[in-house]
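Input sequences plus hints: build the corresponding full structure.
So the protein lines, in turn, are chains E and U. Anchor point for the first sequence: position 212 equals 212 in our numbering, and the numbering is continuous, going up by one each time. Anchor point for the second sequence: position 122 equals 122 in our numbering, and the numbering is continuous, going up by one each time.
Hints listed in this document are in silico derivations from the structure and should not be mistaken for laboratory results. Here the structure is a predicted model, which means the values were calculated and not measured. Certain hints may be false.
[Said to hold, decoys possible] To give an idea of the interface, some chain U residues facing chain E are shown, with a C-beta separation under 8 Å as derived from the structure: (1) N18; (2) L39; (3) F42; (4) L43; (5) L52; (6) V95; (7) L96; (8) W121; (9) S125; (10) A135; (11) L138; (12) T151.
Every residue, glycine too, gets a C-beta built ideally from N, C-alpha and C.
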Amino acid sequence: MAPPSSRRSGFSKKAQYSVFTGYLFAAFGALIGLALLALSFWQPRAMAPLRGGAHDIVSPAGEATASVRAGTGNVFDTIAAYWNAGAQNAALREEVELARIRLAEAKSVEAENERLKSLLALAEGEIAPVATTRLIGSSSTSSRRFAYLGVGRVDGITIGMPVRSARGVVGRVLEVARGSSRVLLLTDSESVLPVRRAQDNTVAFAEGRGDGLLRIRLINLGLNPLKQGDVFVTSGAGGYYRPGVAVAILTEITPDGGYARLIAEPSATDFVSVEPIYEPAATAASRTPVTQRIADQVESAGN
Amino acid sequence: MERYAPGARADRYGSRINREQSPWRALSVPYITIMLASLLPFLFVADVMPALPPLGFLVFLGWRIMRPGLLPMWVGAPLGAFDDLFSGQPFGSAVLLWSITMIVIELIETRFPWRGFWQDWFTASLGACLYIIAAMVLSGGDLSLHMALATVPQMMLAVLLYPFLARLIAALDRFRLSRTRRVG
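And the structure:
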C-alpha cells in the first residue's frame, strides 16, 4: 500500500521539518546503538546487570517451557518405541547377556581398583554439585551459542563454574545474575576446552566451530594418532573442569587433529548440574597479571 | 415510508455507526507483539547452530512494511534494546541495526510509494538476510566459513516465514482496530 498522504511533505515547511526530525532521531538512535556496541566489545560485562535482570524476570516462563520440552521429548520417544518393539526386544536380550558378562568383569576390575587405591592411600571424594537445574533457554537466533539457567547468585553460582549433564560437559558459566545465569556452550566459536583422548594422554584443545562441531587441535604436532570414534574427555588443565568428564567423539580427521561431535547435546539433556570450579587457586593464578603475586590474588578472591 | 432492515447497516461487529476503537489497543498491539516475538526464541534451546530466524526483527519489519507511518522513526532504538536483552548478541547490535532498518525502509518507501505483496516479501527477505549477516559480523565470535554456512538455514526460514507473519500481522491489525466502544 502507499504511505498515507499526510506523510508526503510537499511544500509544507512544518511537514518537511517533521520528516527531517524523524530521520534525525533515527540516526541518533543508530549512533547510540554504535556507542553501546563499542562499550559491549570494550567491556563485555558492562551490560550484564541489565541483561541479568531481564533474564531473572523471564526465567519462570523458561522453567515452564523447559518442563514442557522434557515432557514432549518423552512422548515422542514413547511413540517411536512402539515402531520397532519386537526387533528391539531381541536385541536387548542379547545386550543384557553381554552386559551381565561385562558387569562381572567390571566387578573384578573394581575390586582391583579398590585394592590399588588403598595401596596409594588415595582419598577420592565425589564432587557435590552446587545446583541441579534445567536449561531454561538459549540464544537460538544468534550466531553465538549461549544457554541460560534458572539459578544464579543466590544459589551460590559464580562465574567460571562448569556445567555438565549426566552425559558430559555442557559448558561454563559466563555471567551470573541474582536468579539466572548465562552459560557459554562448548559449540560457541569463543569456547576453548583442554581435553585428552580417553584411552591415552594425547592432549588437545577442543574449540567450538560455530556450526555445532568441535575442532580438536593437537598440542603436540607431528603424526596424527587420532582415529574416528575416539572419545575425548576433559584433561583438567586450566583448573575449571575436573578431569575425566566426557566431551566429544571424533568424526573426521584433519592433519592437525580433527572434528568432533558433542557427547552431551544441551537440547537433548533434561537436567544439568553446576559444579564448583575444580581448582580455584589455578584459575585465580591464570587471571593474575605477572606483576602481581598469586598469593595476594587468592587471598582477595577468598575474601 | 419504507424503512431499512435493522441489519442492513451492520457488519459482524454490530452497527456500523457510533462505534469507536480502543485507543490503548490501537497503539499498544504492535509494540507488544514485537516484544513478544523478541522474547520467544529465548525459550527454545538451540545448541548446535542458530535454529530460528530473528523473529523479533521479522515482526518489527512486518509492522513497518505493512503499516507505514504507524511506528515512529526512532522506535528502532528502544525496541532493539529490548531485543538485545534476550538475543545473546552484544548489547547495542540490534539498537544499531533496527535504527538503520527504519531509515532504509523509509528511503525505499519514498522511492517506491506504491508496492504490492511480492515486492514487500522481496524487501523483507533481503532485509532479513542482510540483518542475519550483519548480526553474525557483530556477534563478537570468530568469523569463519562454518559459522557463515550455519546461518543459511536461518535465512531460508526467515524468507519462508514472512508470508505467514504478514497474515498474522494483518490479523493483529484487524484486532487492533476492531471497534470496542459504542459512542452515545
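Does the nearest C-beta of chain E fall within a distance shorter than 8 Å of the C-beta of F42 (chain U)? holds, 5 Å
Quick one, is the W121 (chain U) hint okay against chain E at 8 Å, beta carbons? violated, 14 Å
When the nearest CB of chain E is found for T151 (chain U), is that gap smaller than 8 Å? holds, 6 Å
With a cut-off of 8 Å, does the beta carbon of S125 (chain U) approach a beta carbon of chain E closely enough for the hint to hold? Violated: closest Cβ of chain E sits about 16 Å from S125 (chain U), beyond 8 Å.
Under the criterion of a CB-CB separation shorter than 8 Å, is N18 (chain U) in contact with chain E as hinted? violated, 25 Å
Proposed interface contact between L39 (chain U) and chain E, which counts if any beta carbon pair is under 8 Å: Hint on L39 (chain U): holds, closest Cβ of chain E at ~6 Å, below 8 Å.
If you take the shortest Cβ to Cβ gap from L138 (chain U) to chain E, is it below 8 Å? At 7 Å from the nearest chain E Cβ, L138 (chain U) passes the 8 Å test, so the hint holds.
Holds or violated: is the Cβ of L52 (chain U) closer than 8 Å to a Cβ in chain E? The hint holds - L52 (chain U) has a Cβ within 8 Å of chain E, the shortest such distance being about 5 Å.
Hold the hint about L43 (chain U) up to the distance rule: shortest CB distance to chain E must be less than 8 Å. holds, 5 Å
Was the hint right that L96 (chain U) lines chain E, CB cutoff 8 Å? holds, 3 Å
Is the shortest C-beta separation between V95 (chain U) and chain E less than 8 Å? holds, 3 Å
Hint status (Cβ of A135 (chain U) to nearest Cβ of chain E, threshold 8 Å): holds, 7 Å
In terms of the numbered hints stated before, the structure departs from hints 1, 8, 9, listed from lowest to highest.
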